[in-house]
Structures are given as C-alpha cells and as structure tokens.
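Visitor: One-letter residues, chain by chain:
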Amino acid sequence: MARCSCELPSGRFSVVIEFQGVNKWFGSLHVLNDITLSVQPREVVVVCGPSGSGKSTLIRCINGLEQIQKGDLVVDEKRVGDPATNMTLLRTEIGFVFQSFNLYPHKTALENITLAPIHVRKTPRAQAEKDGRELLAKVGLGDKFNAYPSQLSGGQQQRVAIARCLAMRPKIMLFDEPTSALDPEMISEVLDVMVAVAEEGMTMMVVTHEMGFARRVAQRVVFMDQGSIVESGAPEEFFSNPKTERSKAFLGKILRH
Amino acid sequence: MLENFSFRTIGEYLPLFGQGLVTTVWLSVISFAGALLVGILLCAMNLQRSRALRVPAKAYIDVVRATPLLVQLYFLYFGLPRLGIILPELVVGVLALSLNSGAYVAEIIRAGILSIPRGQVEASVASGMSYLQRMRLVILPQAFKVTIPPLLGQAIVMVKDSALLSLISVAELTRAGQLLASDRFMPAEGFITVAAFYLMLYYCLKGLAVLSGRWLGLGPARSRA
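Keeping their order, the protein sequence lines are chains A and B.
If you read the first sequence in UniProt numbering, its first letter stands for residue 1, the second for the next number, and so on.
If you read the second sequence in UniProt numbering, its first letter stands for residue 1, the second for the next number, and so on.
Check the hints yourself; a few may be wrong.
Distance ranges between label pairs, derived from CB positions [to be verified]:
| id | chain 1 | residue 1 | chain 2 | residue 2 | range |
| --- | --- | --- | --- | --- | --- |
| 1 | B | Leu216 | A | Leu89 | 51 to 59 Å |
| 2 | A | Asp72 | B | Lys58 | 34 to 42 Å |
| 3 | B | Lys58 | A | Gly27 | 41 to 49 Å |
| 4 | B | Leu211 | A | Ala196 | 42 to 50 Å |
| 5 | B | Arg51 | A | Lys70 | 21 to 29 Å |
| 6 | B | Arg51 | A | Gly140 | 21 to 29 Å |
Below, computed lysine to any residue pairings styled on SDA-like, alpha-carbon distance capped at 25 Å [what the hints assert, rightly or not]:
| id | chain 1 | residue 1 | chain 2 | residue 2 |
| --- | --- | --- | --- | --- |
| 7 | A | Lys107 | B | Glu122 |
| 8 | A | Lys107 | B | Ala57 |
| 9 | A | Lys107 | B | Ile148 |
| 10 | A | Lys130 | B | Leu137 |
| 11 | A | Lys107 | B | Arg134 |
| 12 | B | Lys145 | A | Pro105 |
| 13 | A | Lys107 | B | Ile10 |
| 14 | A | Lys122 | B | Gly79 |
| 15 | A | Lys144 | B | Gln72 |
| 16 | A | Lys122 | B | Ser130 |
| 17 | A | Lys171 | B | Ile148 |
The hints are simulated quantities; they were obtained by calculation from the structure and are not laboratory data.
Beta carbons are placed, not taken as given, at the ideal position from N, Cα and C, and that holds for glycine.
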C-alpha cells in the first residue's frame, strides 16, 4: 500500500496545504515561528513534538479555528484568512477530528453524522441517512445509529466523530491528538479506522504520538518544538536516525515507555 | 386581633379579586413574552463581536439591574407623556415589566449559551455551518434545557413585580386589595387575600417548573419515542 509522493505530478496544483513563512503569537508567546510546509494530495503527514510546541495550533490554522498573523497559508487553492475566501465553504472540504470528540450530545450517532450533510451540503435526508448508516458500518458501529454519545465509549465516540467528518466527503482530514483522551484498549480501534481512511487516499495531517501509526501510513513525520518545525522526514528515517538533539531527546522520552 | 376579621367582606369583594387575578395573569403572560423578546435581542447583541452592538446591550442591562423597578415604572409613566407618547396605564405597565425582566432574561439566556462547551462551537464551525445554523442546530437546543428552570424563576419574580402596577392604577390583583383596604378600611382582609392569590400563582408556576424539569429530565434517551 505504499504511496509515494514522488509519483505525483509536479506543479502548484499538486499541493493541497501550503504554509509559507506562517507566524502566530498568543500574546507574547510565539506559537508558530516561520512555518513553511507543504502537503500533497493523498499524503499523510504526522506532526509530533512536546506539548506546547504549537502542533495543534498548526493544524487548527488550516481550517481557520485559529488565525495566522503573518505569512501565507493556502488550502485547496484558497488563501486562509483572505477576506475573499469563503471560510465556511472551505471548511466543508476539511474534516477535523478533535481530541475530545465534540459529538453533539443531544443528537444520536446517526444524527451527528447527517446534520452537516443535510443542512450544509443540502443532501436529501433519506440519502444522508443512507450514507450515514454506511459510514457507521464502515467504522464498525453499524448497530449504534440510534445511540446517544453518552451511551458510547470514548473509542466509539471518536469513531462516530471520524464518520461525521467523512460524511461531508472532505478533501482533507485533520486529526488533533485523536487518541490522547482514550483508554489504552480503545486506541487501536480508532487507529485502525484512521489507517483505513489513509489507505483510501485521503490527504491527512495527524497530530499524534502514536509512532506505530506514523510507521504504517505516514509518508512524512514533522517534528515541532517551541513553534518551529525542527525536523521533517520519512518515518523510518526520523525514528531510526533523528538528526537534531531535540528530536533525539523527544524520541527518547516517548519511545522508552 | 382577628376576632373581627370579615370573611363576609372578602366574599363581597371576590368578583373584584377575580378580575384582578385574571388581569395579573394575562398581563404577566404578555409581559413575559415581551421579556423573552427583549432578552433574546439583548443577548444576541451582547454575544456579538461588534462593540457597537455589545456596549449598548451591556449598558442597558446594567442600568435596568441597577435601578429599582418602581423608578423605571415612574420613569415611563411620567416620562413618556412628556415625549408626547400617551399610552394607557396597562400598556405602560406591560412595557415596564417587559423592559425590566428582559434584562434579567438576557443574562439567563447568555449564561445558558456560555455553559455550552467551546468544543461544540468548534465542531459545528469545522463542519462548515453558518452562525445561524450553529445557533439553531447545536447551541440553542442544548442551551434551552439549562435555561428553562431559571427562566421560570424569573417568571415568578415578574408576577410578584407586577404588583407595582397597582401604583399607576392598573386594576390588577394588588389594586383589588388596595380598594378593599381603603373603601372598607380593612387592610388585613385586603392584603391577606391578595397574598393568598399570589401564593396560588406561585404554586402554579412552581408546578410548571417541576413538570418541565421532569420533561427535560427524560433526557435524550427517550426523546425519540
């Protein structure tokens, strides 16, 4: 299943996400320091780094949950933060999976999935429900369509959240520490779904410390520290032969246990 | 002290109390509907990013909460005619109650909306919903649940506040008691009867609060039935 980004045609349309000298500050804290990074179609990029290194902020900028203050960020050929860009429309092309799932507690699993397709995409309800059931089956929860989020385990909730994103048929999926809030025995069920999504050719940016996942599907690992991209490379290369002191120290900490 | 307490006089005045009760009930219903409208509008303004909308809403809420209702009532009752606006006492009274209660309702609704976790907003933003879709489909249905009990509490307060309208001679419940007290010089008969009627109204609203709590308490698991 190895998909190599080098096979892609070159040219500007081969890039879906492009950061060019992006900077962001929270007050005096420089959370994103001159980020330059491009992601190609069907590419899976894993972002890792110590807590507070700016990795969540990085992917939250892509769909405008955070605003950048300097530099250029182009997503799906549209400039994020440009008044001419319809962010609401752009967001329909970008799925976002949260650490804390953020399912709608007053809606069933199926309603969670069909809400945006029906109201944003204007998909007919019957069609949206049919698609929704298929997606639930795909994430292994075919029998849970009528369950409320409070009746599901963390792993099940996160799988519903992924199905909710897929229902919009996005071009890009962003994952913000999708397994960090889960009990250990539920992590693999979520990662398996993410692997399946990656293998279907989804363009993904995943903030995670799950190095097994990175090894299985990522083309690239980006290591961040203190707001900067310190190192970036193929997973095998990065894990077996980290080049900087900071990445060595970080890997030493997360791989030891 | 109560040996000459006259139930007979109360009986004579019962039709007047009945009319007063009916007036109190329907003017409260209209005023509370008005308060909800004012409250929703103020709250919507208060939650906007634009200062031009937020500042007037906040100022209004502060002024109303910082001044006594009686002062506000007199302000409208004596002030509006000076602006050339002559309205019946009852309309002035309903207006005062709506404008006053609206400020409290605005804060109740705002607290309800702010109690919804930030992640709910973010999830709906990320899925491409517009502001109005987010409010209608995600935030308000959840906020609604938490605001019902405090809104009923505010309704109870407003029913009692409506007694002040007797001072601008609206023929509501307290006014009926005042008439009995002054015509027959029987303040005890007049005001004890009035108190009993308010207590009754209170229990009706409280019953409603309990029912709505039970209804909401059914929660999501059974709402599909």
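Visitor: Go ahead and decide if the range 51 to 59 Å is satisfied by the Cβ distance of B:Leu216 to A:Leu89.
Guide: violated (36 Å)
Visitor: Can the restraint linking A:Lys107 and B:Arg134 be considered satisfied, given a maximum Cα separation of 25 Å?
Guide: Roughly 14 Å separates the two Cα atoms, so the pair holds.
Visitor: For the pair supplied as a hint, A:Lys130 and B:Leu137, is the alpha-carbon distance within the 25 Å limit?
Guide: holds (21 Å)
Visitor: Range hint 42 to 50 Å: satisfied by the CB atoms of B:Leu211 and A:Ala196?
Guide: At 48 Å between Cβs, range holds.
Visitor: Keeping to a limit of 25 Å between CA atoms, is the pair of A:Lys144 and B:Gln72 held or broken?
Guide: Violated - the C-alpha atoms of B:Gln72 and A:Lys144 are around 56 Å apart, more than 25 Å.
Visitor: Would the pair A:Lys122 and B:Ser130 pass a check requiring their Cα atoms to be no farther apart than 25 Å?
Guide: Answer holds: A:Lys122 to B:Ser130 is near 13 Å, not above 25 Å.
Visitor: Can you confirm whether the C-alpha distance between A:Lys107 and B:Ile10 stays at or below 25 Å?
Guide: violated (55 Å)
Visitor: Are B:Arg51 and A:Gly140 spaced within 21 to 29 Å by their CB atoms?
Guide: violated (49 Å)
Visitor: For the range 21 to 29 Å, tell me whether the beta carbons of B:Arg51 and A:Lys70 fit it or not.
Guide: holds (25 Å)
Visitor: Does the Cβ distance between A:Asp72 and B:Lys58 fall inside 34 to 42 Å?
Guide: Once the Cβ atoms are compared, 38 Å apart, the range 34 to 42 Å for B:Lys58 and A:Asp72 holds.
Visitor: A:Lys122 and B:Gly79 were given as a pair; does the straight-line alpha-carbon distance stay at or below 25 Å?
Guide: violated (52 Å)
Visitor: Please work out if A:Lys107 and B:Glu122 have their alpha carbons no farther apart than 25 Å.
Guide: Given pair A:Lys107, B:Glu122 holds - Cα atoms ~16 Å apart, limit 25 Å.
Violated hints, in rising order: 1, 3, 6, 8, 13, 14, 15, 17; the structure is consistent with all others.
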